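Participant: Here is how the chains run, residue by residue.
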Amino acid sequence: MPKPTLITELNAALGPRYVLHRPEELMLYEYDGSALDQATPEVVVVPSSTAEVAAVARIAQAHGLPLVARGAGTGLAGGSIADRGGIVVSLARMDRILSINPQERTAVVQPGVVNVELSERAAPFGLHFAPDPSSQKSSTVGGNAAANAGGPHCLKYGVTTNHVLAATLVLSDGSVVQLGGSAPDAPGYDLLGAVVGSEGTLGIVTELTVRLTANPEDVRTFLAIYDTMDGASSSVAAIIAAGIIPAALEMLVGRGITAVEESVRAGYPAGAAAVLLIELDGLHEELQVQQEQVVALCREHGASEVRVAADPVQRAKLWAGRKGALAACARIAPHYHIQDGVVPRSKLIEVLRQTEEIAARYHLIVVNIFHAGDGNLHPLLLFDMREPGVRARAIAAGEELLRACVAAGGTISGEHGIGLEKRDYIGWMFNADDLSAFADLRAVFDGAGLMNPCKLVPSGSSCADIRMAKGAQRALAAGAWV
Amino acid sequence: MRPYTLHGMNPDLFITPASAEEVAATLRHAARTGAAVVPWGAGLHQHLGHGPARYEIALDMTRLHRVVEYSPPDLVLTVEAGARLGDVQALLAQQSQWLPWNPPRGAEATIGGLLAAGASGPLRLGYGPPRDWTLGMRVALGDGRLVKSGAKVVKNVAGYDAHKLHLGALGTLGVIVEATFKVAPLPETMQTIVLRFREPPPLPALAVLHEPPLAPVSLVAQTGDGRLTEGNDDSGISGSIQNPKSKIQNGWVAVRFAGVRAAVARQLQVAAQRGVELGAIAEVLESSDDVAFWEELADVPAPRNDGSLGLRAGVAPGHMVQLAQLLETTAQRRGWQSFSSCYLGLGLAYSRWWPGPEPAADAIALALAELRAGLQPLGGYAVVEDCPSAMRPTLDIWGPAPGSARLMLALRERWNPSEVLNPGRYVCIKG
Ligand SMILES: Cc1cc2nc3c(=O)[nH]c(=O)nc-3n(C[C@H](O)[C@H](O)[C@H](O)COP(=O)(O)OP(=O)(O)OC[C@H]3O[C@@H](n4cnc5c(N)ncnc54)[C@H](O)[C@@H]3O)c2cc1C
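Chains as they are written, first to last, in our numbering: chain A, 1 to 482; chain B, 1 to 431.
No lab work stands behind these hints: they were computed from the structure.
Predicted model only: the values in this text are computed from it and were never measured.
Honestly, I wouldn't trust all of these hints.
Stated by the list, open to error - Residues of chain A clear of chain B, computed beta-carbon distances all greater than 12 Å:
#1 3
#2 384
#3 422
As the list claims (entries may be wrong) - Here are the computed distance ranges between Cβ atoms for each label pair:
#4 B/19 - A/353: 30 to 40 Å
#5 B/73 - A/388: 42 to 52 Å
#6 B/396 - A/288: 25 to 35 Å
#7 B/295 - A/64: 37 to 47 Å
#8 B/73 - A/271: 43 to 53 Å
Ideal placement from N, C-alpha and C gives every residue a C-beta, glycine not left out.
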């Protein structure tokens, strides 16, 4: 139970309607897209302005309570879960697009704007917001910036950090700072560069200036169909090695293809071993040349067929299938545990095989539907929680998958973030000195240690005992998904 | 021994470490003894910032020039900081790849030096700044900790992107010892069209040069009444440029396209048509001249010993017209000549003022203040990059401290606690 004075103070700052503290209200904020862990915050607030967020921060500071920012809660690493209790700050009401400047190709938005709405609003100007996570119909621009989200088209256009020009940040002491700006290279350290991707551990973003990207003149979308997974993997490596950077280069393997097709009926060849969803964009002449090269490379590496999307409707359907893949896989098994390690593209064949081998060893179903062009795997481990012991197996298998990515020279996360879920693996990549430099950075922004504590990197001794396995145990007790 | 002289100061000693660990050990020693360290790459950007408050050790990074890892099929490269960009480009070119950057004096510049200086170049319009290509770094912090961030794959969100903090920081937080980049395939061709206007180029109308289908990789307009003259001119009124056959002229707009031949050809044609409609004479350069032409243009910001003041100024790209006007009129009002290389679409200008043979420091200070006052409502800034050395100590090189200076200073206190790295050279100086 939160202290009555806390509620009184928050009520005074925001109005009681936007201060949620009844158990049935709090329940909605216990989990995110990963549902690996669950935790109940003391209170949830829904502020409407930077000033209100700052007021909440001051109250949190006075009570010594953690502050956990929350966008749409689609995160896949437990980042917005109030693992240590405290105040969840939902940015849902700060959902306005404040301005679009077509000449400069920029937009000023509040953090709660849903990703796809920004692109829709920019469309009349021939522009879009390039980061396009598969969750773009629900995830927020603030959440994308906090997670440094990627998406299929980030292969060509770069991840979120390349598209954020400025941010307003509320710190845990209630102060407000402006970082970055539309003028390039203004003197001063690139603090904005550190804040993007910081998973809400440095401050709460309450406004952003983002770059918009011109829509391409021409787009071509293909499906390359394979009898073997290796054929698809080696095609990916060959396309990149040939110096072609497609707008998107996605791979779907095995049972995932069937599941996606059953859910969207977009013409994915159910039963194929693997398919590549390839998109080229740019000027007509460019595409003419690249299309020929790509089709030839796919065939050379074993594609039995390369189909071209006939029209924008078919193209949209293919993408709806790809972006709805996670949901579609619920047809295979009700629960999932997803990882998103990255490997050098030349190691794709090897590591993809390992994912299958590892999943088999743990008696789990694995579906690989992922950003192949970036080498960003998304092994989706599927299972039914009612099966005894399966949760622990999923966690152990996930851990082994990530070890394989690191061993191949890659990383434990390409876009989903570290959050709670992968925090204890961060030591595989960074040593004590590296982590101490990260801790310094964190302390600069959040001296009180209240901003989303214990996420991303271990911050202080209080986090040391929260092992992932323990978190999972709690989830088990609560009957949650993994 | 190389001359490690900096604004008239000389170090007590120079060190040429051969490994990252030796760099870190040097900094640990310096932090203990309080000896101030100035890291040196090729020395091409040492004119930036204030002179160091103290200067005991020159840390020469050029022995750290190895290619640590290069995997052409992955388009990922890891190099030590002392490697020269020119050598790196030559290696990449063997695989038809490159780092799509052309900073001033790009062939000789070291990787660490150009990253620390925040150098970019005209290609930035099409390819983004080096920041967008930097995947990770190893850095020796000011207290001697050897730390890394990022990863050697094209996407990573593990840990903070701490390496971004060293970009443009002039080596005041740490010394970059190694960097990992995403590299790009070389375009099939690159070609340029020069639009020559009789009047000053109509900047607002030039926006059509980067509207679809045009997607130039560089778009630079030369404005002002001062001239980067042919050959050396000792009058102190005009600047000089090394190439006597210089193509750079005021009133010229250069537009560069990259890609497959047919796409470049169409864009050149459209650009010519749009230019002619604006009253320009259009000339398509031979593609064989392309590289040399842009090297010269990219070198415009490099320091010149001609009594002029070199400025870098930035605004939101939509305010470029106002920026160019402010740069010109502030000089004109004083009877000074000026020249600006305006990076359209980026909101960046490299400008030169020639305040006459015996410029008074306070007159320049006043002009700078006036320029900054004009830029302030536009959200812009101006930094002095290059000036006669006698003037440097009295000039406000960086302008007003950024709003987040408190955080910047706090960060420096943690990563460079004894203030031994380039003390006093960068923004947000204590006190
Ligand atoms: C079906 C599905 C598909 C997905 N596909 C992709 C994909 O293709 N690429 C990808 O990158 N991700 C993907 N994700 C993961 C997720 O959608 C992204 O991480 C997204 O950016 C999260 O946005 P959100 O608004 O839901 O943020 P939340 O989940 O609410 O929060 C994510 C993190 O950001 C912090 N945060 C949120 N808002 C702010 C703010 N204003 N200021 C400071 N910190 C803040 C939170 O504290 C938390 O640490 C997918 C998720 C699902 C469920």
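Participant: Now tell me, hint by hint, if it's right for this structure.
Facilitator: Now for the hints, and whether the structure bears them out:
1. 3: About 31 Å separates residue 3 of chain A from the closest Cβ of chain B, which puts it past 12 Å; holds.
2. 384: With a cut-off of 12 Å, residue 384 of chain A remains clear of chain B, as the shortest Cβ separation is near 30 Å.
3. 422: About 7 Å separates residue 422 of chain A from the closest Cβ of chain B, which leaves it inside 12 Å; violated.
4. B/19 - A/353: 30 to 40 Å: Distance hint for residue 19 of chain B, residue 353 of chain A holds at roughly 37 Å.
5. B/73 - A/388: 42 to 52 Å: holds, 45 Å
6. B/396 - A/288: 25 to 35 Å: 54 Å Cβ-Cβ, so the 25 to 35 Å window is violated.
7. B/295 - A/64: 37 to 47 Å: violated, 58 Å
8. B/73 - A/271: 43 to 53 Å: With Cβ atoms ~31 Å apart, the hint is violated.
The structure fails hints 3, 6, 7, 8 (numbered hints given earlier, in ascending order).
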